[in-house]
Amino acid sequence: MKRIALLPVGDFDRRLARRLCSPLAAEFAADCHLLPQSLDPQPMFHPERAQYHSSEMLAGLQPFAGPDNWRVVGLAAVDLYIPILTFVFGEAQMGGPCAVVSTHRLRQECYGMPTDPELLFVRALKEAVHEIGHTLSLTHCDDYECAMASSHSVEWIDLKGPSLCAHCRSVAKPEAVTTR
Amino acid sequence: MTTANNNNGSHGKGRLLIVDDELSVRDSLGKWFIEEGYEVFTAENASDALTRMAERRYDLALLDIKMRGTDGIELQHRLHDIDPEMITVMMTGYASVETAVAALKNGAYDYVTKPLDPEDVSHLVRNAIAHRRARMENLRLRTTMDEVVRPPDLIGGSAAMQKLRDAIETVAPTDATVLITGESGTGKELIARSIHALSPRRYHPLVAIHCGALTETLLESELFGHEKGAFTGAQFRKLGKFELAEGGTVFLDEIGDISLKTQTDLLRVLQEREITRVGGNQAIRVDFRCVAATNKPLEALIEEGKFRPDLYYRLNVFRVELPPLRDRRDDIPALVDHFIRKYSLAMNKRITRVAPSAMTRLQQHDWPGNVRELENAVERAMVVAQEPELREPDFSLDLAATANGAAGSRSLDDVERAHILRVLEECGGNQTRAAEVLGVDRVTLHNKLKRYGWTRPAAVGAGQK
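Residue numbers (the working numbering), protein chains in the order written: chain L, 130 to 309; chain Z, 132 to 596.
Hints were generated in silico from the structure; no laboratory data involved.
Fair warning: this is a prediction, and the values are worked out from it, not measured in the lab.
Just so you know, not all the hints are guaranteed correct.
To give an idea of the chain Z side of the interface with chain L (calculated C-beta under 7 Å), a few residues [claimed, not checked]:
{"#": "1", "residue": "V156"}
{"#": "2", "residue": "S159"}
{"#": "3", "residue": "E166"}
A short list of chain L residues far from chain Z (calculated; beta carbon distances all over 10 Å) [said to hold, decoys possible]:
{"#": "4", "residue": "H162"}
{"#": "5", "residue": "Q191"}
{"#": "6", "residue": "A221"}
{"#": "7", "residue": "E247"}
No residue lacks a Cβ here, since even glycine has one placed at the ideal position from N, Cα and C.
Required output: the full structure, derived from the provided sequences and hints.
Below is the structure:
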């Protein structure tokens with residue numbers, strides 16, 4: 130069975146990572162497990178931006194991909210960016226095996242709100258499904274309820290669901306997702 | 132450089148060209164837009180961008196302003212020369228009012244500062260492409276409309292028709308009010324449609340109203356609209372012709388038939404470009420061009436106190452006089468040919484020409500009902516014709532109304548009256564049928580009969596004073 134490997138970056142909350150395994154496994158009809166190792170984010174830190182370069186982080190995940198791991202998803206709590214944008218919630222290799230998701234801007238505290246662990250879990254799940262969707266060569270979906278809907282703010286993330294719509298399922302490789 | 136393409140068939144979102152001399156920017160932005168569903172191409176400098184432009188068309192180009200060699204502002208200029216419809220968005224790491232103004236003056240759609248906010252740039256590109264597509268669709272629709280709203284064909288090569296065409300070409304592109312004069316059936320509405328179709332207002336409506344066919348109150352309601360409850364039966368607000376024609380042309384036919392009260396209201400509309408709906412009290416701005424027409428001598432009506440001179444001067448800015456058909460007999464063969472083709476199609480008949488003797492008769496006829504009468508005569512002949520050629524007996528022409536006939540030295544009015552009354556008699560006093568035969572509308576016939584003092588069919592003989 131194909132396997133999704135979740136790799137914590139730095140001191141990412143392993144309990145949260147563990148909670149993501151089951152719904153991700155169900156969504157992609159795969160086995161999903163949490164790797165015992167973690168990825169050191171310090172080399173990807175850029176003081177001039179005070180952020181972590183997500184593309185460099187993706188490169189750091191590459192060694193974990195291989196025959197054993199169908200997809201590798203890095204889970205980071207730090208703020209990610211790509212050079213041209215102020216931030217990203219995550220990044221993926223289009224059609225490749227690796228993706229990274231950051232929970233930094235998914236936290237309610239980031240917007241001056243009280244901590245909400247449940248909301249953080251739901252947002253992290255949606256973003257993980259979204260980035261894995263990109264690794265299946267899916268682009269953004271016009272259905273705002275689909276996990277592949279474009280969402281550059283948490284308000285849009287909250288609007289969408291944690292699953293791929295029927296269209297995205299049909300576009301993704303048949304073996305990549307569960308049939309419903 | 133990189134040619135990136137998504138593979139799930141959704142690049143219908145648009146095709147982008149990213150020009151930046153920093154590899155990391157090109158790569159990261161390109162990849163990000165691919166995830167967004169765009170088809171993305173990148174270029175590292177102006178020369179590379181121009182090569183890309185030669186290869187395919189783009190919906191939008193994101194250009195870095197500060198680049199080695201040719202900068203983004205200059206490149207934007209060159210790209211605009213190649214494809215003026217492509218949208219350009221300028222990017223810079225050095226936000227300044229000067230560069231923003233320079234970019235926008237150059238024709239750029241917008242300006243963004245690095246690093247870009249994901250939500251802002253996503254909305255910007257999506258909206259810009261939607262804007263471009265709406266503009267392109269508008270252009271396509273206008274091209275289609277140009278075909279649809281082509282000016283109607285004006286048939287005939289006579290000097291009178293050439294003069295008429297010149298007049299239309301002169302006045303159509305202006306916004307001047309036009310007064311079209313000519314006998315009934317000479318084609319005044321056709322000329323109004325030609326003027327509208329050749330004017331800059333052609334993409335807006337042409338609204339025609341036959342003033343003579345309506346009572347004073349009904350005409351006011353039609354012209355200016357009415358508010359709900361303005362009068363018994365006014366259950367809803369209704370927009371008048373001037374409002375319906377917003378941006379287009381209002382054609383006021385039979386302007387000589389309107390009452391002095393309506394003339395006063397009309398004068399106000401022409402002067403102030405404002406209307407007030409019947410039953411309303413709010414002035415509403417209206418944007419229209421006025422083309423009016425009449426078969427009556429307005430100057431004589433002014434003398435009689437039946438037409439306001441100030442309204443006349445407002446309407447008579449540019450005058451187009453339509454010659455009666457008897458003054459351009461040379462055009463009759465072309466007109467007959469045109470009507471034969473028109474009705475051959477409509478009637479599915481293979482009639483191709485008119486016998487020379489019949490054509491001679493047609494050219495000798497005076498045609499008091501003008502082109503409309505000629506058209507009716509051809510149509511009627513085609514109904515009865517048994518051969519592929521229209522012959523003299525197929526046309527039921529009145530000898531008295533021919534140029535060489537018994538008209539003698541009588542005035543045109545006398546000839547017209549005699550002809551109308553004879554046709555009416557033949558129709559047993561039925562005005563609707565008589566109007567059809569004469570090729571005029573029933574209201575025109577009714578007005579003429581009223582002028583002749585005609586009463587009822589039983590008294591036709593007595594009515595011919």
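How the hints compare with the structure:
1. Taking 7 Å as the C-beta contact cut-off toward chain L, the hint placing Z/V156 at the interface holds, the least distance being around 5 Å.
2. With its C-beta approaching chain L no nearer than about 4 Å, Z/S159 sits inside the 7 Å limit, and its interface hint holds.
3. A cut of 7 Å between beta carbons decides the hint on Z/E166: the least distance to chain L is about 6 Å, and the hint holds.
4. For L/H162, the shortest C-beta to C-beta distance to chain Z comes to about 26 Å, beyond the 10 Å cut-off, and the non-interface label holds.
5. The beta carbon of L/Q191 is kept farther than 10 Å from every beta carbon of chain Z, the shortest such distance being approximately 16 Å.
6. L/A221, annotated as away from the interface, has a beta carbon of chain Z within 10 Å; the closest lies near 7 Å.
7. For L/E247, the condition that its CB be more than 10 Å from all CB atoms of chain Z holds, with the nearest at approximately 25 Å.
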